Amino acid sequence: MKDLEAGSADTRTRSLTGKRVLHALAAASLLGVAGCAGTAPSPGSEPAGEAASSAPAEAPASSAAPEASAGAEPTEAAPAASDQTYEDGEFTQVGSYVSPGGTEEIGVTLTLKKDVVTAVTTEPMPSNPTAKLYQERFSGGIQGEIVGKKLDELKVDKVAGSSLTSGGFAEATDLIKSEAKL
Amino acid sequence: MAVGGSFSFEAIGTRWQIDTAAPLEPGVRAAISGLVEDYDALYSRFRPDSAVAALAAGGGRLELPAHGAALGRLYRMLYRLTDGSMSPLVGSVLEHSGYDAHYSFIPKGPPAPARAWDATLDWEGPVVTASRPVTLDVGAAGKGQLVDLVGGLLTGAGHTEFLVDASGDMLHSGTTALTVGLEHPYDPTRAIGTVQLHGRALCASASNRRSWGDGLHHVVDARTGTSVSTVVATWVLAADTMTADALATALFLAEPDVLAGEFAFDFVQVFSDGHARFSPTLNGALFTP
Chain Y
427 MKDLEAGSAD TRTRSLTGKR VLHALAAASL LGVAGCAGTA PSPGSEPAGE AASSAPAEAP
487 ASSAAPEASA GAEPTEAAPA ASDQTYEDGE FTQVGSYVSP GGTEEIGVTL TLKKDVVTAV
547 TTEPMPSNPT AKLYQERFSG GIQGEIVGKK LDELKVDKVA GSSLTSGGFA EATDLIKSEA
607 KL
Chain X
413 MAVGGSFSFE AIGTRWQIDT AAPLEPGVRA AISGLVEDYD ALYSRFRPDS AVAALAAGGG
473 RLELPAHGAA LGRLYRMLYR LTDGSMSPLV GSVLEHSGYD AHYSFIPKGP PAPARAWDAT
533 LDWEGPVVTA SRPVTLDVGA AGKGQLVDLV GGLLTGAGHT EFLVDASGDM LHSGTTALTV
593 GLEHPYDPTR AIGTVQLHGR ALCASASNRR SWGDGLHHVV DARTGTSVST VVATWVLAAD
653 TMTADALATA LFLAEPDVLA GEFAFDFVQV FSDGHARFSP TLNGALFTP
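For the record, the sequence lines run as chains Y and X. Going by this note's numbering, the final residue of the first sequence carries number 608, and the count climbs one at a time with no gaps. Going by this note's numbering, the final residue of the second sequence carries number 701, and the count climbs one at a time with no gaps.
Any given hint could be a false lead.
[Claimed, not checked] Sample of chain Y residues facing chain X (criterion: CB under 8 Å; computed from the structure):
(1) 539
(2) 573
(3) 587
(4) 601
(5) 603
(6) 606
To be clear, the hints were calculated from the coordinates, so they are not data collected in a lab. Nothing here was measured: the structure is a model prediction, and the numbers come from that model. Where a beta carbon is used, it is the ideal one built from N, C-alpha and C, also for glycine.
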């Protein structure tokens, strides 16, 4: 998390010099739920039956980070450099959204190439990881680590839920847009 | 279900879509719109002319329609099972946190606990009596109850196959099960699993969820006034939407086994460190690496 905060302070990270920040984000990736070890409740606060959850942050990253690519690679000839609106490179910003416990933050890194977003990584950064003790006995199943699959690739009739961070994501991408503008 | 009728509208701060196998008659549509409008006029914290706004201004006695009795019983039960964490008096906490009718988002001080139910509120049958001004907040179950009321209206009009979907809080009726994706709490383009929805209700809750006039559904612990951040998302399947909606919130505040003593339901809980728990009878799948 320190890396990320540092990265957000000097908000722009160029592709050659910014591996540190990108790596910090990629390690958490879109599955930051599973990966953000620094903010996870301390293992001691939960019963042994759930300790399987403390998977290393790197584990989900390798499988998930490549999938994080949201942008389609341009298939048409890219515009000439002089027509570009945005600078090429990797840009990191932190957006915020309001939760009941106060303002929460999300880290967003976009890779821009010829005005096309070629990669997106996000890292939720819950600022308020209140540890809560859960009782020992629990009759249901435990899944140590869950991952997201692209909805496009699933055959579902409906979707239930509400993503936490859409507001914060939009804020971070707006900041990146204004910074990467040539 | 082949969709014969589809009816979409915005109400109580969320998008509604109603699909029916048989065409939806104009009269039924009008009845649904009226039902939703009446419910909003009753409970919205964000309308100065609502019944709960009157209660917030001066306390006193409020006679709800008959369905208010079931809502009160459910809240009372969950107030007990969550040791006071889940309360219709949480509205004052939300306002204190800056989540008020003016959307100020400016906390009015450190988190403050809600008033104890017994000292403030009497909810007997459909009659609510408040000994002082209180902000009554039914956001944790109200949308679900409204989905049930809409479903009842459809059933009463002879519809047997339908899906009422109030942005993810949904009630299904019919012979064919639906496959529903469980949206990733941090990424709306992904799902963390799927469940089969067949002849019952499914509701979801996330820790910064916004619904009901863009606000009533936030999960706040009424005892301490602070938010609960360990559980980041929940889903509940139950026979009715009001119960599923309320339990989706309660699963942020109480253990599943405690709730299972009083309610029949299936659930999924996702925690901030990425692990999940689910009921043994869950008909669905969670995705693993």
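Tested hints:
1. 539: violated (21 Å)
2. 573: Cβ of residue 573(Y) sits 5 Å from chain X, so the hint holds.
3. 587: holds (3 Å)
4. 601: violated (19 Å)
5. 603: violated (19 Å)
6. 606: Since the shortest Cβ distance to chain X is 22 Å, the answer is violated.
Of the numbered hints listed earlier, those contradicted by the structure are 1, 4, 5 and 6.
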